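This is what each chain is made of:
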Amino acid sequence: MDEKKLVAFLKQSRKILVDFFPSGSPALLPVIFSSLVWAVTRRAEVKKKILEVKVWLEPETLKNKPAEFVLDFFESRPELKAAYEEEIKNRDFRALRPAFRALYPVLGLMDPFLEKLFSFELKNGDYRRLVAGFRPRLEEALSEIQAAVLRKNFWKTVDQVCAEFLKLGWTLLTEDEVRQLLKKAMEKI
Amino acid sequence: MTRILPKTTPDNKTLSGVIIILSLVLLLSGCASSLQKARLHLARAQEREKSFRTEEAIAFYKKSLEEAEREVRKRPSARAYLLKGLAEVKLARWPEASRSFSQAAALGEEKAEGWAREVSLLGLAVSLEEQGLSGPAIRLYSILSERGKFSPVVRAALGRLIDSQLELLPAVAEKEQEKIITKSIGIVEKALESDPACGYYHYLLSQLFGHRGKYRESFEEAVMARELGLPGLEIHRDNDNQIVFCYRRLKDSLAGEAWTEFSRTYRLWINKWKWPDEETPDWKRR
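Protein chains in written order, with our numbering: chain A, 1 to 189; chain B, 190 to 475.
The hints are simulated quantities; they were obtained by calculation from the structure and are not laboratory data.
Don't take each hint at face value.
As the list claims (entries may be wrong) - List of simulated lysine to aspartate or glutamate pairs, EDC-like, C-alpha gap at most 16 Å: (1) B:Lys473 to A:Asp92; (2) A:Lys81 to A:Asp92; (3) B:Lys372 to B:Glu409; (4) B:Lys440 to A:Glu187; (5) A:Lys63 to B:Glu302; (6) A:Lys5 to A:Glu164; (7) B:Lys440 to A:Glu115; (8) B:Lys461 to B:Glu446; (9) A:Lys63 to B:Glu319.
Quick caveat: nothing in here was measured; it's all calculated off a predicted structure.
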């Protein structure tokens, strides 16, 4: 995939979708990123996936995990093991559980929307900042999406962006390869 | 020179008649087709759901909903509202589904009344829980999961009931924890008796065995859940993470023949699922 072409495509997508969001909205780039990742991996699912961002916070996946699972999540990721060394050593679940609630959807379930929303913190390995800002940032982004969804032609525009993206040819790439290419290109827009 | 036609001729009458009939046929077929399409898409969705092709099923439920909405706008009927409600339930749009079933009941669809009640009770329980009133919410989840007749509501209520029980664990003594887990396992096993092919119930059971430290059982239930199909991407991934977690725990605890036997079984499954290695599900492939 030609990176210049991808960067130009992302700039164009941002230009098309920017009017649906307030100026400087934290939700815009996560919506583009997650729509494109989902467009590649689950073509018919874009709308549902965007609306489903809050699924982790609401229904069906069990939020309450055993202490061993929480500990394993931190210990099996070197970056988290380093960041939460003290809490892991002391088995301080009062600190680990709230951190897990924020970090698991991002790193454990690899939600592309959350990954882009907290891309700055992830890039800098600032997990504590991610945890502290998780709830307010997500609520802000979701309320902006709810407002955007009500505007005429939002879904049509997102669908068009996704359709154009698929034309660039992604079928042979894995989800992770698409994520990596998009992340790299998004830094240049 | 312009040829002036008489105002009415037998040919014109015939033509007008044909046009009227054609228009009526087109109009009626247009009206009927939305309902038929909604039904057809719903049937396709259910067929795919039964064969565990969840993504395709959801896409068909969405198409069914669009057609049912079109039908409701053009020609509201009990059948149209019922189809709309069914698609909404499958897409977890509870308040909309409750309204659709109520409309269907008002227009004469008897079974819709009970469904509307169950859907709205679930919506009420969710909203009570969100407002911090977990006691009444849990009671409602419990009633719906035990006595509910509408399976999507029963499953959603059961999941929420189990999660709310697990939430109590960190605050209670070990003996009490064991009681809560045993009770929860009993509830899910009872649900499985009436719906043994429900992947989501196996997922719940796997999570509960994980809480009890029974990793072999937890692994087996998670495999069942994966094979039977799960209702969402996040649950599917969470279930995969549980499989990896069980693998790690068993790697630490099993030895000799027991470990050899388990790791052979484990490899067979991950080969089937095309995982690159024991601790990397396909969606985490690097």
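Cross-check of the supplied hints:
no., hint, result
1, B:Lys473 to A:Asp92, "violated, 28 Å"
2, A:Lys81 to A:Asp92, "holds, 13 Å"
3, B:Lys372 to B:Glu409, "violated, 20 Å"
4, B:Lys440 to A:Glu187, "violated, 41 Å"
5, A:Lys63 to B:Glu302, "violated, 32 Å"
6, A:Lys5 to A:Glu164, "holds, 12 Å"
7, B:Lys440 to A:Glu115, "violated, 31 Å"
8, B:Lys461 to B:Glu446, "violated, 23 Å"
9, A:Lys63 to B:Glu319, "holds, 14 Å"
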